[in-house]
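So the protein sequences, as listed, match chains A and S. Per our numbering, the very first residue in the first sequence carries number 1; after that it's consecutive. Per our numbering, the very first residue in the second sequence carries number 1; after that it's consecutive.
Hints listed in this document are in silico derivations from the structure and should not be mistaken for laboratory results. For clarity, every value in this text was computed on a predicted model and none was experimentally measured. We put the beta carbon where it would ideally sit given N, CA and C, even for glycine. One or more hints might be untrue.
Unchecked claim - According to the in silico footprint, chain S covers these stretches of chain A (three or more CB under 8 angstroms from chain S):
#1 312–320
#2 323–337
#3 360–368
#4 372–384
To be verified - So the derived list for chain S, only partly shown, Cβ under 8 angstroms to chain A, looks like this:
#5 Tyr115
#6 Gly119
#7 Leu226
#8 Ile227
#9 Phe229
#10 Leu236
#11 Ile239
#12 Ala240
#13 Ala244
#14 Gln248
#15 Ala249
#16 His351
#17 Leu354
#18 Arg356
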Amino acid sequence: MSEAREQTDAPARLELRGISKRYPGVLANDSVDLTLQPGEIHALLGENGAGKSTLVQIVYGVVKADAGEIRWNGETVSVDGPSAARALGIGMVFQHFSLFETLTVTENVALGLSPRVTAKSAGGMAALAARIADVSKRYGLALDPDARVFDLSVGERQRVEIVRCLLQDPTLLIMDEPTSVLTPQEADQLFETLRRLASEGRTILYISHKLDEIRRLCGAATILRGGKVVASCDPRQETAQTLARLMIGEEVSPTRRAEAGEAEEKEALLRVEGLSMKAANPLGTPLHDVRLSVRRGEILGIAGVAGNGQNTLLGALSGEQLAPRADAVVFEGAAIGLEGARARRDRGINFVPEDRLGHGAVADLSLSDNALLSGWRRWSLVRRGLVSFTGSREKAEHVVKTFAVAAPGAHAAARSLSGGNLQKFIIGREILQKPKLLIAAHPTWGVDAGAAAAIHQALIELASNGAGVIVVSQDLDELFTLSDRVAVICAGRLSESRPAHEVTAEEVGLMMGGLFDAAIAEGGGAPSESGDVRHGG
Amino acid sequence: MAGEALFGVRLERRPTPSRAMMLATPPLAVLLTVMAGAVMFAALGFDPSAALKAYFISPLTTLYGVGELAVKATPLAMIGIGLALGFRGNVWNIGAEGQLTLGAICAGGLALAFYGDEGWWLLPLMMAGGAAGGLAYAAIPAFLCTRFNANEILTSLMLTYVATLLLSYLVTGPWKDPDGFNFPESRLFNDEALLPVILEGTRLHLGAPMALAAVAVGWVIVARTLIGFQIKVVGLTPIAAGYAGFSQARAIWFTLLLSGGLAGLAGAIEVAGPIGQLQPSISPGYGFTAIIVAFLGRLHPLGVLLAALLMALSYLGGEQAQIELGLPLAVTGVFQGMLLFFLLASDFLTHYRLRRVSPAAVG
Numbered sequence: 001m002s003e004a005r006e007q008t009d010a011p012a013r014l015e016l017r018g019i020s021k022r023y024p025g026v027l028a029n030d031s032v033d034l035t036l037q038p039g040e041i042h043a044l045l046g047e048n049g050a051g052k053s054t055l056v057q058i059v060y061g062v063v064k065a066d067a068g069e070i071r072w073n074g075e076t077v078s079v080d081g082p083s084a085a086r087a088l089g090i091g092m093v094f095q096h097f098s099l100f101e102t103l104t105v106t107e108n109v110a111l112g113l114s115p116r117v118t119a120k121s122a123g124g125m126a127a128l129a130a131r132i133a134d135v136s137k138r139y140g141l142a143l144d145p146d147a148r149v150f151d152l153s154v155g156e157r158q159r160v161e162i163v164r165c166l167l168q169d170p171t172l173l174i175m176d177e178p179t180s181v182l183t184p185q186e187a188d189q190l191f192e193t194l195r196r197l198a199s200e201g202r203t204i205l206y207i208s209h210k211l212d213e214i215r216r217l218c219g220a221a222t223i224l225r226g227g228k229v230v231a232s233c234d235p236r237q238e239t240a241q242t243l244a245r246l247m248i249g250e251e252v253s254p255t256r257r258a259e260a261g262e263a264e265e266k267e268a269l270l271r272v273e274g275l276s277m278k279a280a281n282p283l284g285t286p287l288h289d290v291r292l293s294v295r296r297g298e299i300l301g302i303a304g305v306a307g308n309g310q311n312t313l314l315g316a317l318s319g320e321q322l323a324p325r326a327d328a329v330v331f332e333g334a335a336i337g338l339e340g341a342r343a344r345r346d347r348g349i350n351f352v353p354e355d356r357l358g359h360g361a362v363a364d365l366s367l368s369d370n371a372l373l374s375g376w377r378r379w380s381l382v383r384r385g386l387v388s389f390t391g392s393r394e395k396a397e398h399v400v401k402t403f404a405v406a407a408p409g410a411h412a413a414a415r416s417l418s419g420g421n422l423q424k425f426i427i428g429r430e431i432l433q434k435p436k437l438l439i440a441a442h443p444t445w446g447v448d449a450g451a452a453a454a455i456h457q458a459l460i461e462l463a464s465n466g467a468g469v470i471v472v473s474q475d476l477d478e479l480f481t482l483s484d485r486v487a488v489i490c491a492g493r494l495s496e497s498r499p500a501h502e503v504t505a506e507e508v509g510l511m512m513g514g515l516f517d518a519a520i521a522e523g524g525g526a527p528s529e530s531g532d533v534r535h536g537g
Numbered sequence: 001m002a003g004e005a006l007f008g009v010r011l012e013r014r015p016t017p018s019r020a021m022m023l024a025t026p027p028l029a030v031l032l033t034v035m036a037g038a039v040m041f042a043a044l045g046f047d048p049s050a051a052l053k054a055y056f057i058s059p060l061t062t063l064y065g066v067g068e069l070a071v072k073a074t075p076l077a078m079i080g081i082g083l084a085l086g087f088r089g090n091v092w093n094i095g096a097e098g099q100l101t102l103g104a105i106c107a108g109g110l111a112l113a114f115y116g117d118e119g120w121w122l123l124p125l126m127m128a129g130g131a132a133g134g135l136a137y138a139a140i141p142a143f144l145c146t147r148f149n150a151n152e153i154l155t156s157l158m159l160t161y162v163a164t165l166l167l168s169y170l171v172t173g174p175w176k177d178p179d180g181f182n183f184p185e186s187r188l189f190n191d192e193a194l195l196p197v198i199l200e201g202t203r204l205h206l207g208a209p210m211a212l213a214a215v216a217v218g219w220v221i222v223a224r225t226l227i228g229f230q231i232k233v234v235g236l237t238p239i240a241a242g243y244a245g246f247s248q249a250r251a252i253w254f255t256l257l258l259s260g261g262l263a264g265l266a267g268a269i270e271v272a273g274p275i276g277q278l279q280p281s282i283s284p285g286y287g288f289t290a291i292i293v294a295f296l297g298r299l300h301p302l303g304v305l306l307a308a309l310l311m312a313l314s315y316l317g318g319e320q321a322q323i324e325l326g327l328p329l330a331v332t333g334v335f336q337g338m339l340l341f342f343l344l345a346s347d348f349l350t351h352y353r354l355r356r357v358s359p360a361a362v363g
């Protein structure tokens, strides 16, 4: 494998010198230098928009740099595309997987392989399956080559992507935010695999903004801010606070949820009883007998690995998907299970969907029109069927100003905003409608630390002003920061909620893996970490 | 994302669609059509400049010609405005020709039913009847689409042939003119059933201002109303529409009924206007040409009006070229097709731009 290239005083595996890349209106990379040594796990740290993605896209040949030099094992090279990058020995595991759900693991791997590798595995699919089994065993990536992808958990899907990369025998493996979709236990196992790969002399470039895991895993870190390298350090010598300060250039004070006090006394604002329903699409996860309640002034956190019924639950709560019975969802004493999204919004239930572009906002429309989209009833922007565009513009400008959204104005198209800014806009739009209940799905997913803190602050303020809030997230830190009570969803079932200060992240992590109830394991398809949990019922 | 470089030029996706390009592409398409037309005329052995003059200029040199332009633009604008509204919402009513035919049948049927008993009320009744006929006919694909998820492109298109055959049956059978020497035509309507001519010396009739009114109403719907906004959101992002609580089924019903009603009204205007009776063919494909009108007009009401005038000219030009140069009438269809083709092709520039690749870039 890679050992042959290793010698003492060997040139660095990858050396970037003065890489610059300009996009219309933004300098994404400003003469970035980066040196990666063999056998090193190197963190690339930075906020959203710091230029991490652009930099690795340049390394992987997806994007061409405007200026600069790439040296691979000491030789200047030109990476003309991903296939050229793979030929050099660079592999990349993207944050979003590109797998065909209805095909098997082996078929997916075969589709992604370059001809160079396919030629080697002339034995056909059976030989390939054997090689997959071999690689997955060697690196502790438990994987069944004949399983169909739609049966796999997110963690397992990621393993398919990793195995696909490893079959190309890369000497540099780029991992783009790999743990954003994993349970803590799955993440631990991934780290084990990565350490094993590094010990073979492979280099790993690890992109993340999760400071704790970088400190645990990486031996070196390069920190980007505004397209420039602001620091290189050994993350094991730093604290999470010092890393965060380097990353965003200012001290972040962790938001802390004040004790909710005597919440027990109050009447439930929203109550869901015995909700069982099918998912909107055939590959979605159905709900089984879900019950939950939220009081005024309370934040309920729902943890869970993606694809465990969150979307069905969110649809049932927002009214985009109707419940089978009216009294399955009760809001302020009224049975609203059969009411649509519009009627529920009229009652004061607002919703921040996971997908900001294409669900929470229309990409091609202006912020002004996007304010109209969800706010036309609560803000009375329509009189006798006629739209008040002045009103929508004022509301959009108000949101932009109140929530410090970086946008040229209310006329800007939603797609022109960065993810974090659009998220701030959507959350602000929903909060300024003064909801009685706000349901937020993954409110800070892919959002940088500064914006995430602002969003957390806004949600906490909303709750302290007496609104109920439900936050669905995979980010346990976020849930523990925000929530009064935490429940876990797994395989379409929701655990009992427990006060956030009584449960540990460890316990929630185990429940996310399907271990909170013997009955859950029986449901099958639970994305559990270990086989005995899944078959334990 | 960067595409492959070719000839030192690379296609690059624009961050946002270019508004300037969106307005520039229709004239660009017209220009390319004229150029391709010149090549075609030359290949057929005609002097391109004379042929183009006959096609595009000669029809407009007389007052009568200008009137004819408006007469032909009337149904195109009226149908185009309804179709444009639907297309904004991704509702593809391809069967306006059938809805026009049914509108003509209903209006013509009323004219024949009250033949000899006419009054001032007959014309309004015919217009209402025509609109109702087109609307009811468009309700069929709307129902099939919302109830059974049947693609409205196919259902509306197929219903067009049903309507045309129904008209043929009526004019060759029950509604045939008893004194018509067995020609497949109805009686000529009496004057009370005909739209008055509003410009002396031309055939310009009351339908033209009605089409203008339809354009104005369409403009208000698109620019000012909630339903116009809902249609746009449903068309752009159905999931966001569901999030906002906008009903997709409602947008389908509204746009199909509106475009069907307008097409039916256009059919009523045709039989009560320039034709004055029911014939086996009452439209030279206005319902289909209006699809081009809607796209050429950028789905915007004002654009639709201009596009309707241009497409009306292509009908007149085809006839003129036939008369002056003996060219086959098919040249009309060729021009219309080229126009749509070039428009769709140049639309590419709205979303992409060409960029010079500097050879200095390092990979």
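Verification of the hints:
no., hint, verdict
1, 312–320, "holds (count 3)"
2, 323–337, "violated (count 0)"
3, 360–368, "holds (count 6)"
4, 372–384, "holds (count 5)"
5, Tyr115, "41 angstroms, violated"
6, Gly119, "35 angstroms, violated"
7, Leu226, "5 angstroms, holds"
8, Ile227, "7 angstroms, holds"
9, Phe229, "6 angstroms, holds"
10, Leu236, "5 angstroms, holds"
11, Ile239, "5 angstroms, holds"
12, Ala240, "5 angstroms, holds"
13, Ala244, "5 angstroms, holds"
14, Gln248, "12 angstroms, violated"
15, Ala249, "12 angstroms, violated"
16, His351, "11 angstroms, violated"
17, Leu354, "14 angstroms, violated"
18, Arg356, "13 angstroms, violated"
Violated hints, in rising order: 2, 5, 6, 14, 15, 16, 17 and 18; the structure is consistent with all others.
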